[in-house]
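In order, the protein sequences belong to chains A and B.
Be aware that the first sequence starts at 1, since it is given in the UniProt record's numbering, and climbs by one per residue.
Be aware that the second sequence starts at 1, since it is given in the UniProt record's numbering, and climbs by one per residue.
In case anyone wonders, no lab produced these hints; they're calculated from the structure.
Yeah, the Cβ is synthetic: ideal placement off N, Cα and C, and Gly gets one too.
Certain hints may be false.
[Stated by the list, open to error] Distance ranges between label pairs, derived from CB positions: (1) Ala256(B) x Ser99(A): 52 to 60 Å; (2) Arg176(A) x Pro33(B): 34 to 42 Å; (3) Arg235(B) x Gly175(A): 41 to 49 Å; (4) Gly61(A) x Ile58(B): 33 to 41 Å; (5) Leu180(A) x Glu293(B): 40 to 48 Å; (6) Glu173(A) x Ser68(B): 27 to 35 Å; (7) His264(B) x Glu185(A): 30 to 38 Å.
[Claimed, not checked] Derived pair list, reagent style SDA-like, types lysine to any residue, alpha-carbon separation capped at 25 Å: (8) Lys36(B) x Lys169(A); (9) Lys2(B) x Asp122(B); (10) Lys36(B) x Pro96(A); (11) Lys35(B) x Lys169(A); (12) Lys35(B) x Leu128(A); (13) Lys2(B) x Asp81(A); (14) Lys36(B) x Gly61(A); (15) Lys169(A) x Gly61(A); (16) Lys36(B) x Pro46(A).
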Amino acid sequence: MDDNAGASHARTVLEGPDIARALTRIAHEIVERTKGADDVLLLGIPTRGVHLARRLAARLGDIAGPAMPAGSLDITMYRDDLRLRPARALARTEIPGESIDGRLVVLVDDVLFSGRTIRAALDALGDLGRPRAVQLAVLVDRGHRELPIRADYVGKNIPTSLREAVRVKLAEEDGRDGVLLGLRESAPTPDR
Amino acid sequence: MKRHLISAADLTRDDAVLILDTAEELARLSDRPIKKLPTLRGRTVVTLFFEDSTRTRISFEAAAKRLSADVINFSAKGSSVSKGESLKDTAQTLEAMGADAVIIRHGASGAPYRLATSGWIDAAVINAGDGTHQHPTQALLDAFTVRRRLLGPDGGLGRDLSGRRITITGDILHSRVARSNVDLLSTLGAEVTLVGPPTLFPVGAEGWPCEISYDLDAVLPKSDAVMMLRVQRERMGGAFFPTEREYARRYGLDGARMARMPAHAVVMHPGPMNRGMEITAEVADSPRCTAVEQVTAGVSVRMAVLYLLLGGAQPPAGQTPAAEPRGARPRTEENH
Chain A
1 MDDNAGASHA RTVLEGPDIA RALTRIAHEI VERTKGADDV LLLGIPTRGV HLARRLAARL
61 GDIAGPAMPA GSLDITMYRD DLRLRPARAL ARTEIPGESI DGRLVVLVDD VLFSGRTIRA
121 ALDALGDLGR PRAVQLAVLV DRGHRELPIR ADYVGKNIPT SLREAVRVKL AEEDGRDGVL
181 LGLRESAPTP DR
Chain B
1 MKRHLISAAD LTRDDAVLIL DTAEELARLS DRPIKKLPTL RGRTVVTLFF EDSTRTRISF
61 EAAAKRLSAD VINFSAKGSS VSKGESLKDT AQTLEAMGAD AVIIRHGASG APYRLATSGW
121 IDAAVINAGD GTHQHPTQAL LDAFTVRRRL LGPDGGLGRD LSGRRITITG DILHSRVARS
181 NVDLLSTLGA EVTLVGPPTL FPVGAEGWPC EISYDLDAVL PKSDAVMMLR VQRERMGGAF
241 FPTEREYARR YGLDGARMAR MPAHAVVMHP GPMNRGMEIT AEVADSPRCT AVEQVTAGVS
301 VRMAVLYLLL GGAQPPAGQT PAAEPRGARP RTEENH
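Bound-form chain A, shown alone (with noise of 0.2 Å):
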């Protein structure tokens, strides 16, 4: 998926230990700002959103006690911007248990910039059901929002230029986990 995989210069603005603490973090505030409610729900946005939100659930899992069930919800079909690309390949949407009906979903995402592929997640869910509320979690924010979206649990906010690219690289993906900042080859096209 990534056209410049060897961004040049690309130097490392989180490591490994550093993603670590940030989730654990999250995972905390998540407890705290839902008051430990049992009906949270934490879905992914493929590629790298899903393996963040088994990492959380996990870590959840430790903290307030039964195990978190994580999800992945792929938005390519609500994507605004797809017919300026060429057809891309679907993505799994997995929901676990009954429905999202009623239930606290926790969107995760590795990087928001535009806020595009929120709104997409956004109408997403809208055709899935009624969740009783829906929260956002990145593990950055490199700011440039082009839509009024916000996220509640950040990672880390890095600010950037729009001629720079945060790449996100996790283990269960590339092998080694790491937050990537370099230039962009191509013209500043903000579209996430």
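Using the hints provided, position chain B relative to the given structure of chain A.
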């Protein structure tokens, strides 16, 4: 992937696996409260049917509607075509109405190709069956059903049908389903065997990427799937076999024959079935017969085709040899 879907032979192995994988995700839509996606909102899909077909047309219609496309049904009966309008004029009418895709079924082999390559319209053309030539979405839904049954819904993801032995039995001569399946299943790595009376094989079938046999009983024990084709009486001007009873006895699938198939093997039928002719009621109603699953698979597969052809700026690139030089299109970047 090409811009039109005219023939199953146009699909590469990767194209076909992508369509099947996409269909597998879309099949999960039927478990949801709202069985609809907004992806093709504002797009117009026309079904242009010059031949009778209920199941294929409503399957395409359901697929397009689940993707929120507007569907216009154009059937030759009772339309301007019965007044003598040519394919070209019909096509230009659809173009003027702003059709983004035309799903065409026509009695003449090659009509969809003509429509796609003549320059009459800009719309993507999807072949829903032309004469005795091709019916690519039928082959895709058959491949989808076999893969699901043999490898499982999740187990099949990303995989082809390498090494699976699939037997197609019946009226090969008149069957676009057989032609499409031979092309697609062999692309997917399956070993295809065609079985039928010699009179129902077309000239040149020896050159197809498949085996040919005239003895069903010899092939059954080594088949992972057996596809029974309908005997197409409406296309048969002359006599191709002595009597229907003799055909049923030699090439029909009954309970005794089914018992000789391996335990995991499935029976497929593209429908509509002639019970008592190529398949007995006992087989048709057995859990090993996938006829009903094939209908469900048809909607998912057609959604996948419509999405991949219409959903993006162009069909997914990559696997097919690129027509344009690499780098001609500005590279887009995705953050993650």
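Each hint, compared with the structure:
1. Roughly 47 Å separates the CB atoms of Ala256(B) and Ser99(A), a value that falls outside the hinted 52 to 60 Å.
2. Taking 34 to 42 Å as the suggested C-beta distance range, the pair Arg176(A) and Pro33(B) conforms, at roughly 40 Å.
3. Taking 41 to 49 Å as the suggested C-beta distance range, the pair Arg235(B) and Gly175(A) does not conform, at roughly 57 Å.
4. As the Cβ distance of Gly61(A) to Ile58(B) is approximately 47 Å, the hint placing it in 33 to 41 Å is violated.
5. Evaluation of the 40 to 48 Å hint for Leu180(A) and Glu293(B) yields a pass: the beta carbon distance comes to about 46 Å.
6. For Glu173(A) paired with Ser68(B), a C-beta distance near 31 Å keeps the hint of 27 to 35 Å intact.
7. Take His264(B) and Glu185(A): their Cβ atoms lie about 49 Å apart, and the range 30 to 38 Å is violated.
8. Distance hint between Lys36(B) and Lys169(A) is unfulfilled; the C-alpha atoms sit about 33 Å from each other, more than 25 Å.
9. Distance restraint check for Lys2(B) and Asp122(B): the Cα-Cα separation of roughly 14 Å lies within the 25 Å cut-off, and the hinted pair is therefore satisfied.
10. As the CA atoms of Lys36(B) and Pro96(A) are separated by approximately 20 Å, the hinted pair is consistent with the 25 Å bound.
11. Straight-line distance between C-alpha atoms of Lys35(B) and Lys169(A) comes to about 34 Å, which puts the hinted pair past the 25 Å bound.
12. Taken as a hint, the Lys35(B) and Leu128(A) pair is honoured in the structure, with Cα atoms around 9 Å apart against an allowance of 25 Å.
13. The hinted pair formed by Lys2(B) and Asp81(A) meets the criterion: a straight-line CA distance of about 21 Å does not exceed 25 Å.
14. Proposed proximity of Lys36(B) and Gly61(A) is contradicted: the alpha carbons are some 34 Å apart, above 25 Å.
15. Of the pairs offered as hints, the one joining Lys169(A) and Gly61(A) holds, with about 24 Å between alpha carbons and a cut-off of 25 Å not exceeded.
16. At roughly 20 Å between alpha-carbon atoms, Lys36(B) and Pro46(A) fall within 25 Å of each other, so this suggested pair holds.
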